[in-house]
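> Using the sequences and the accompanying hints, generate a full structural model.
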Amino acid sequence: MKTLIAFLAGLAFGFGLLVSGMSSPDKVLSFLDLAGAWDSSLAFVMGGAVLTATPLFLLARRRAQPLVGVAYDDPDRLTIDRKLVIGAVLFGLGWGLAGICPGPAVVNLVLAPGKTAAFVIAMVAGIMLSARLRRGGA
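Mapping to our numbering: the sequence shown position 103 is 103, numbers consecutive.
Note that these hints are calculated values from the structure, not bench results. Backbone N, C-alpha and C fix where the C-beta goes; we use that ideal spot for every residue, glycine too. A couple of the hints might just be wrong.
Unchecked claim - Label pairs and their calculated CB-CB ranges:
# : residue 1 : residue 2 : range
1 : PRO66     : TRP38     : 36 to 42 Å
2 : ILE121    : LYS2      : 27 to 33 Å
3 : ALA117    : LEU90     : 40 to 46 Å
4 : ALA6      : THR54     : 20 to 26 Å
5 : ALA71     : ASP26     : 38 to 44 Å
6 : GLY36     : LEU78     : 35 to 41 Å
7 : PRO55     : ARG134    : 31 to 37 Å
8 : THR3      : LEU34     : 38 to 44 Å
9 : ILE121    : THR3      : 24 to 30 Å
Below is the structure:
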């Protein structure tokens, strides 16, 4: 059941990315271009997502356990450390250069695999390298 719910949530997320235009690298890059032809529409998409998710998160916090699963997947650490800052900077640089991040990459891999494959390969390689570095290997 947990896998089915995750799959359906992923489908809904992907559909939302398509409808909002957030899967389009050109639209995202226009949003990030504050000094040029700035497209503010994605700010409204993100604001709508925050307004929708916030009450649901607050409601979920009142429950002892999730509807599907044994326990909530809370983070182990809540501190801002060097690793988090470096990861956030690398994520932001990649998003700013390519106009795409992991969620839209999966959507675009289905819609335009030729344009997205190199990004997804690099993303998977980065995830694997990160996991290896966290385990202590290199």
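> Which earlier hints turn out false for this structure, listed by number in ascending order?
3
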